[in-house]
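Protein chains in written order, with my numbering: chain A, 14 to 623; chain B, 2 to 115.
Everything labelled a hint here was simulated from the structure, so no lab data went into it.
Bear in mind that the values here come from a model prediction, so they are computed numbers and not experimental data.
Possibly wrong hints are sitting among the right ones.
[To be verified] Sample of chain A residues with no beta-carbon within 10 Å of chain B, all distances over it, derived:
| # | residue |
| --- | --- |
| 1 | L21 |
| 2 | H69 |
| 3 | A70 |
| 4 | D377 |
| 5 | R479 |
| 6 | T485 |
| 7 | L506 |
| 8 | A565 |
[Unchecked claim] Okay, the calculated beta carbon distance ranges per label pair:
| # | chain 1 | residue 1 | chain 2 | residue 2 | range |
| --- | --- | --- | --- | --- | --- |
| 9 | B | L5 | A | L38 | 50 to 56 Å |
| 10 | A | R580 | B | E108 | 26 to 32 Å |
| 11 | B | A89 | A | D480 | 39 to 45 Å |
For glycine and all other residues, C-beta sits at the position ideal for the given N, C-alpha and C.
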Amino acid sequence: MVEQLAPLPVVLPLLGAAALPVIALRASRRVVEGVALALAAATLAASLMLLGGSMHAPFTYWFGGWAPRNGVVLGISFVVDPLGAGLAVMTSGLVVGSFVYAIRYFDAVGALFHVLMLATLAGVAGLCLSGDLFTLFVFLEVMGVAAFALTGYEIEATGPLQAALNFAVTNSVAASMVLFATGLLYGRTGTLNLAAIGAHIARGPADGLIVVAAALLTVGFLVKAAIVPFHWWLPDAYASAPTPVCVLFTGVVSELGLFALARVHFTAFQAVLGANARAMATALVAVGAVTAVVGAVMCLAQDRLKRMLAFATVAHAGLFLIGVGLLNEAGVAGAALYIFTDGLLKAALFMAVGIVQHRLDDVDENRLHGKGRALPGTAVLFVAGGVALAGLPPFGPFLGKAMIEEAAKAAGFPWVAPFMTVVSVGTGGAILRAAARVFAGWGPTERSDPYQSSQDEDEPEITRGRDRTPVTMFAPALALLVVALGAGLVPQLADGIASASARFASSAAYGRLVLAGNGEPLHDVELGPATSEAVLYGFASVGGALAVAGIALERSRFPEAIKGISRGVFGGGLDRLRRLHSGRVGDYVAWLVFGAALVGGTFALTLRST
Amino acid sequence: VSALPYAVAAWIFLIGLYGVVTSRNLIHLVISLNVAQSSTLVLLVAIGYKRAATAPIFYDIGTTRPVVDPVVQALTLTDVVVGVTVVALLLTLVVQIHKETGTLDPEALNPMRG
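The following block holds chain A by itself, in its conformation from the complex (with noise of 0.2 Å):
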């Protein structure tokens, strides 16, 4: 019963969107609210559904019923099961906090802004479910294409206006590669489904057609991810899109390019790498490590806090990659329950943001200086967003690192655990440093950044300075992070996930189920605590952030001597790094060949020296 109701993450809101404007025309802005987010709820309701029944045995739905027959695959299908469920839940979630969280946060909203998430959030849904190649390239287009225009929604400022820009140039040439390699699979292996093309190719070496076709799409579904050295968009476009929006961006977005390259990897190419797996995931092991380190310095470096949130996405994008580039099952339950888990606490820290700047009227961690003194909900918000991004022991982020930590350990990366920490060090420490100043006016003041231009955040739609904090934007925040916090205190979650990722990254029982029909059971995994190594670095990681934030605060006040040493030692770098970020998008493209050729590159020789 429940599998005939695999379409509906995907039917309910498209439906949403067709009809939201109809109903606009005649109706009052709270019934348009009303129905989205009613939509939304409906949506998070079937995505349960979905999950409840996927939890026990992944299923397939045919559309039309053309399931394969003698092993020709002919039909569409959506393939059900507890990650991708799971994905949608967390999606269709964060958009019912979203729409609750807009009702106060936009002056005037027409049925736009609602059209729009409900087509990202379809676009999102499908791609978590799709079991074709093209189906998930054409999903991910649609999510695309709505993200693109949501960014550039405050359509009479100029710089969502370029963020949109580069937003969608750049992801769309991802999509033009994603779609190349599709049509080179077809070509090779007659077929668009995911366990048929995987089938197929298992049988021969790595060939040179095989070869490009896994570079093409590592590349696109990274590009989507937002992985140096393609990250450059996700900034630009973070910092630029109204808050709302950003909420449902920093959460899953950019995580899907990850759950994308995971899913395909793990149907079609993993039998094709044999003995190459270990050189491929040391390759992503390592791009996620540079990722997660350009991300965390250039987060410190911000002092406008949508941007510092943009780059704290950035870097566990790239420690997310860690995980997922094990290429193991226990990298992807680890990525996994991190992923929710992180991904809930930057929304809630969003909305902490939105709702700074909706009394204050300012986003500038210099400006804001002492005034969040007024604000002592949303501080505690911002503290504990900090301190559990950071990896407090024994909240949820926390528990999706260990897991990563020890996974990588067992790989044969036994630095991962202490780097982790470094990096986590520095996005708390950011959050922390931030909190600090703009709610306790700790630390002197600061000349504004040199690299502010003039029409950074101008929403001018939108009036500011209120004196009351609306509880439909205080409320979502509280649950977003009450529920990122607690689910590190639910051991049922992680092992669920756990025995969840052993069948995701099972390509053998992927295909008995789409090819053959079988769906068997999940096997029950029980990981016990996490080791007293873990809850060491954790808590070293927390103790570091404060540390970070504290030098930051004081750092004016050092002796002139350290100030040069430290000057002479980071400052060219990171200078040189800041410059790079340059907001143009024909360098962004640059980017994105140089790191094509990069990633062609390295294929060429791990996949071929067989």
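Starting from the known structure of chain A, fit chain B onto it as the hints suggest.
Relative to the frame of chain A, chain B by itself:
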């Protein structure tokens, strides 16, 4: 199968990207992107091509004539729609940027950076 269509597709993709990277006019930039996207159309049609085969419309040709692969043609149509959507949206953004800043030169804009 000749390698020529594949080489052409790769060339169109790269020349389009070259246009995007070097462009000094946003409309030119968007159309260059469209050129790059079009490479996938060439690739898809080339993959489905068969010598001396006809269009896969089984209205008056019987079922014995060889036809080209209809699947890639369906993909091509979908891809055209996707491409048009993206280009239309981008051109809207460009019109709006011109309205707000009075220029179409990406170098003359003052974007968010750092």
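Do the hints match the structure? See the list:
1. For L21 (chain A), the requirement that its beta carbon stay farther than 10 Å from each beta carbon of chain B is met, with the minimum near 22 Å.
2. No Cβ of chain B comes within 10 Å of the Cβ of H69 (chain A); the nearest lies about 34 Å off, and the non-interface call holds.
3. At roughly 31 Å, the least C-beta separation between A70 (chain A) and chain B is larger than 10 Å, which holds for a residue marked as non-interface.
4. Listed as outside the interface, D377 (chain A) is consistent with that label: its C-beta sits roughly 13 Å from the nearest C-beta of chain B, beyond the 10 Å cut-off.
5. The non-interface label for R479 (chain A) is consistent with chain B: the shortest C-beta to C-beta separation is roughly 26 Å, beyond 10 Å.
6. Remark: the non-interface label on T485 (chain A) is consistent with the geometry, its nearest Cβ contact in chain B lying 29 Å away (cut-off 10 Å).
7. Distance check on L506 (chain A): its Cβ is at least 37 Å (rounded) from any Cβ of chain B, clearing the 10 Å threshold; non-interface status holds.
8. No Cβ of chain B comes within 10 Å of the Cβ of A565 (chain A); the nearest lies about 17 Å off, and the non-interface call holds.
9. The hinted range of 50 to 56 Å is satisfied by L5 (chain B) and L38 (chain A), whose Cβ atoms lie roughly 53 Å apart.
10. The beta-carbon spacing between R580 (chain A) and E108 (chain B), approximately 30 Å, falls within the hinted interval of 26 to 32 Å.
11. The hinted range of 39 to 45 Å is satisfied by A89 (chain B) and D480 (chain A), whose Cβ atoms lie roughly 43 Å apart.
When the structure is compared with the earlier hints, no violation turns up for any of them.
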